[in-house]
Amino acid sequence: MDDIQFILNGMMREALSPQTAAVAIAVIGLNIHFGFTGLINIGQSAFMLLGAYGFAISIWHGLPMVVGLLFGFGAAFVFALVLGAPTLKLRGDYLAIVTISAAEIIRYVGRSALLTDFTGSAQGIPGSQFRDPFTNLSFFGGGQFTLLPFNYTDVADGAAWLRIIGWVLVVAVIVLVVQRLRKGHAFAGIGQAALMLGLIVVGLFLLFFLFPVPNQRTGVNGWWVRFIAWGLVLVCTLLVYLLVRSPWGRLLRGIREDEDAIRSLGKNVFAIKMQALIIGGLFGALGGMVYVLPASVQPDSMGRSLTFFCYTALLLGGAATIFGPVLGAIIFFAARIGIKYTSAAYVPDSIMNGQQTEQFSYIVVGVALMLIVIFRPQGILGNKRELRFNV
Amino acid sequence: MSDQMSSPTVAPGGLADPEARRALVAGFEAAPGASKPDPILEVDAIVRQFGGMTAVDVQHLEVQRGLITALIGPNGAGKTTFFNLITGFDRPTSAGAGAHWAFDGQKLDKTSASSVARAGMVRTFQLTKALSAMTVIENMMLGAQNQAGENLVKSIFRGTWRKQEQEIEAKADELLQRFKLYEKKHDYAGSLSGGQRKLLEMARALMSDPKMIMLDEPMAGVNPALTQSLLGHIQSLRDEGMTVLFVEHDMHVVRHISDWVAVMAEGRLVAEGPADSVMSDPAVIDAYLGAHHDTDLGDDALLSDQTMDELAEEVAVEDAEREAEEEAEGLR
Chain U
1 MDDIQFILNG MMREALSPQT AAVAIAVIGL NIHFGFTGLI NIGQSAFMLL
51 GAYGFAISIW HGLPMVVGLL FGFGAAFVFA LVLGAPTLKL RGDYLAIVTI
101 SAAEIIRYVG RSALLTDFTG SAQGIPGSQF RDPFTNLSFF GGGQFTLLPF
151 NYTDVADGAA WLRIIGWVLV VAVIVLVVQR LRKGHAFAGI GQAALMLGLI
201 VVGLFLLFFL FPVPNQRTGV NGWWVRFIAW GLVLVCTLLV YLLVRSPWGR
251 LLRGIREDED AIRSLGKNVF AIKMQALIIG GLFGALGGMV YVLPASVQPD
301 SMGRSLTFFC YTALLLGGAA TIFGPVLGAI IFFAARIGIK YTSAAYVPDS
351 IMNGQQTEQF SYIVVGVALM LIVIFRPQGI LGNKRELRFN V
Chain Y
1 MSDQMSSPTV APGGLADPEA RRALVAGFEA APGASKPDPI LEVDAIVRQF
51 GGMTAVDVQH LEVQRGLITA LIGPNGAGKT TFFNLITGFD RPTSAGAGAH
101 WAFDGQKLDK TSASSVARAG MVRTFQLTKA LSAMTVIENM MLGAQNQAGE
151 NLVKSIFRGT WRKQEQEIEA KADELLQRFK LYEKKHDYAG SLSGGQRKLL
201 EMARALMSDP KMIMLDEPMA GVNPALTQSL LGHIQSLRDE GMTVLFVEHD
251 MHVVRHISDW VAVMAEGRLV AEGPADSVMS DPAVIDAYLG AHHDTDLGDD
301 ALLSDQTMDE LAEEVAVEDA EREAEEEAEG LR
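So the sequence lines, in the order shown, correspond to chains U and Y. Here the first sequence is numbered in this note's numbering, starting from 1 and rising by one per residue. Here the second sequence is numbered in this note's numbering, starting from 1 and rising by one per residue.
So that you can see chain Y by itself, here it is in the shape it has in the complex (with noise of 0.2 angstroms):
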């Protein structure tokens, strides 16, 4: 089992490589919805509507295999209910009306959050769930899978399970040493710091030797020391060959890791590229600061007649786009 995470599912070196990787994400169009090489998340047509608003509507999105993807945008893009989307937590409203996604060349278009994981993609959660009233051994060990002990009938004979506990522990230990939560071994999850319970949600979600690991806010209330190591761990888990997609809001966290950028806004997939350059792209400035932001309205003297009316203009010709585009949307 344990070996499974040693033995990358790329080549290794091969994405380890800064050099390779800049090259691979060359070869990517920038553009939202671009198509991968070698995807190993394929998404398609997924809208999830709140009453009459619309959450999320990402028409298709590609993850490569092996690299770290960053989902970045502003409060309220959509970008955690899309996480829920994909993980089997929450159903799209376009379930069974085109919605598709694929994991690794498995349809996931009905699958429960469990049978999501079970095919190799773990989450992490915003607001960290460690089990508070358990030990982080415990915590840990949760995160194994196909344990027979937690079958109903083996579990009243130790006999049947007593070896993988043992195995599942020695992998567990293992883990915790490398995030460095080994002395905290038998401490319950809920005396640990804020940092820490990250750290041991990751660990959890390793233990289930994921191919693909989703992080929902990393880095939200984790102190600066922490941080670095958490990127720290986050790198070490792609050069394994591990892919690796999380939510952040930190331009520098998202620039200093991230291979490929996917910024959404407003439920929509607005832009997508490496991370240095796909700042700069109108839709992502837009989204983030607001499509007039370089227009001054501190300014009297500026607040004149002519200005306010050419303001007006383009306000009313960006709601005819807007409009036309739904209503195109809305024939389709």
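Here chain U stands alone, though its shape is the one from the complex (with noise of 0.2 angstroms):
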């Protein structure tokens, strides 16, 4: 039961990470990419580590925040434009080309010893460097804080049957939330909204019930920065959410599905396209200043693997969905560490030990993505009749 607990603990502080958070957001942009309008970027990590770079460098030069901030999407936006003006009137396999040696071209100049001064090399820029602008915003005020401080160790001690109900509610509660969603109109009037926020509210009041979380209230890694990613993550939804619905949108999915009938309505296929590079691009920066804010910028920690990671959860909660992306990145690193724990807590020492548990984790994880493709392309909240025809 304490093993269970354990894990299941694990998971949920994961689940509410700000790193989650803060690929959950480059997602949201991939998901601009490589959802709606068909755009193979593999070079999601560029954005995000020129978006930290551009962040953490000023701020440790001593320019104020905002000006990092300027020069993070600047930076993101210059990157887009660089990779996209020779490259979108092509077919769509030289974007994917350029995009993922353009990402091993920033992360090896970003390790280059010549610059150690502005990105600190491959040691990076520790976060004390760049972090207390942003901390100093907090009004969260210090010391520790606990989420819930009503818990279940409040009720009946704690029994073992009260945790293995809520638990049963928990997840009972989760599926409902994740068919409405796929029923794609959980939102459509104020009466399923209401519904659908309600059931939202009681499932993160039971989560936070059955599995509290306590952090600082500020801190490096604490409430202050989780509050910050979280409601980016949901500005960025919204405003995806308002992108894809207007007339722009549809744009967008025309030239996913064809871009010559696009082009022969009188459309300007590479100005869209190249908008939709740019602003999934500044949402990879803005993705990538939220990944390093409770870490340090560090070049490999911002490689290949990160663009596949987005990749995972994209394809995990379904791509050219609203709520996809943020579905996909929490299962993911849930479902990650819920691996790694478990194999820790039950496969004895002498056939995994702790650190084959971490590669036995990602191992899972390849083949979740391969069996994700196979069995269900659309992903968790995809259409499936959105992707039959598409032969």
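Simulated from the structure, these hints should not be mistaken for laboratory data. Incorrect hints may have been included.
Stated by the list, open to error - Quick list of in silico lysine to aspartate or glutamate cross-link-like pairs, DMTMM-like style, CA-CA up to 25 angstroms:
| id | chain 1 | residue 1 | chain 2 | residue 2 |
| --- | --- | --- | --- | --- |
| 1 | Y | K211 | Y | E174 |
| 2 | U | K89 | Y | D90 |
| 3 | U | K384 | Y | E138 |
| 4 | Y | K211 | U | D132 |
Assemble the dimeric complex from its two separately framed chains, guided by the hints.
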């Protein structure tokens, strides 16, 4: 029982971590590229890294945080322009090739010893050099805080039956929410939206009740950065919703289906694709800035594998959906920790030691990605009908 | 926007009347590159080479406003390539070296496919490009021009495009009803039959209020019943004053609806004329059946040395003529 509680607590902590939120934001950007416009960008980590560098280097060198934000977004903007200008008129594969190599170039330049004064080379820029302006904004105060302060230990002494009932309830609520989201009109009308919000609030309350998370109020990796990170996820989701339900979003999907058809209808396909690439890239940069806030800017932690995590999360949640990226990112990171802790708890050390469980979790994630693409290409929230005709 | 469609560019009744059309067409010279009194599209010196192969070499072509012009020719005659060239999907090899084409008085020498469409010349494709994973109504609404909501900044604010969106949808509904697709409005385009996709593509092209519509093999792979309705739609477009240029293989279809026929063979324009007389043009028969189609090679009795010599001579003369022609062109 305690093992299970420990594993689930770990998953909850990971699901809530600011880095999960950061990846979710980057995946929201990738969703604009890959899901809606059909641009194969295999260098989302470079947009993240550039955003992080722009932000961190500016603050490290004494510039105000706003300037840092501008530099971060500016770098991603220029990067998108440079990558898009030569490739967006060509077939999709070329963008894929260019983005993956450009991402590696950015990472290697960041590692270069010549730039130690700016990028800190392979060691990177420690968080203490650029975090303070952000934490100083906090109005959360100091000290520890547990969400929720009222939790399962307060009722019936945290008896096993109570927790099991709670877990079943949580699973039921999550399934209900996902099913409603999948139908596509979960937020149509005030009644539906209120019901949906109610379900989500109840679900969150149950989660925090069963798996209380203690953290510092502000601190390096506390509630403040979580609050901002998840707030940004909400804002980005809303923004993408507004964008894709518009005629502009319709154009994006049209371009994904058949560029030439859209061209024959008198639309400037190149300009629209460029806009999509830039917007997705800016989301990536924002994700990158959030990603480094509780940690440090390390080029090697934002390489190819991060891009592939983004893709896994996107495909898991469902490409071309509004909530898919967020759901995918949460499930991806929580499940990985779940696998790691489970194998650590139940597989004897002689078969798999602590270090191997980490690698094992990535293997399982890779296999899971393959299985998703084969058996459920539309992801959890995706619309199967939208994919069926895509022969 | 929608009244542009109901107000034809040619006086109403002028070209809806078959007699008037026949009288008009009778005034055209039945020769390749003939000039027309009111051309909506003029093409000059368009050459497209793929390596050493010349796929298209059209020296001059005019398309009369308000008529249905058919572009026919055997397989590989370069009809679709020609279509791609004038709609901006391909660039002529002769670009910058004499290639000119003008649509409705507007030069198109260097414009992209999208600006050609914006100028009012909209095309469809031989292999239908219905956007399968989008609904029929979404397909239709993509066709409308000048949408405020397609601007990135405005798209976030629904108020800026809501009204226009409703107007566009009303117009799309009207067109869908006309093309008998209204019941399928919310179905995915991928679930339509081949013929319905052709209809959808044509309706989508009409959403942009074109002056001229270019149909690339509209009847290919369509069952006979639907062919009739497609033909009816094309004719009614003409009767409303739209210019139609279409590529087709089926002679019956061509004879049935076209007012004027241009024939291409081996990339060149070889003949022009009214549908009923152009078929008997020797150049057209040559193009379709080969120059020696009336020489019987199946009867061994006829294959005497003398016949062989005669044939060889005939071929030699033709080769010499062709070479002389090519040389003359090379010099030019």
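Which constraints among the numbered hints does this structure fail? Numbers only, ascending.
4
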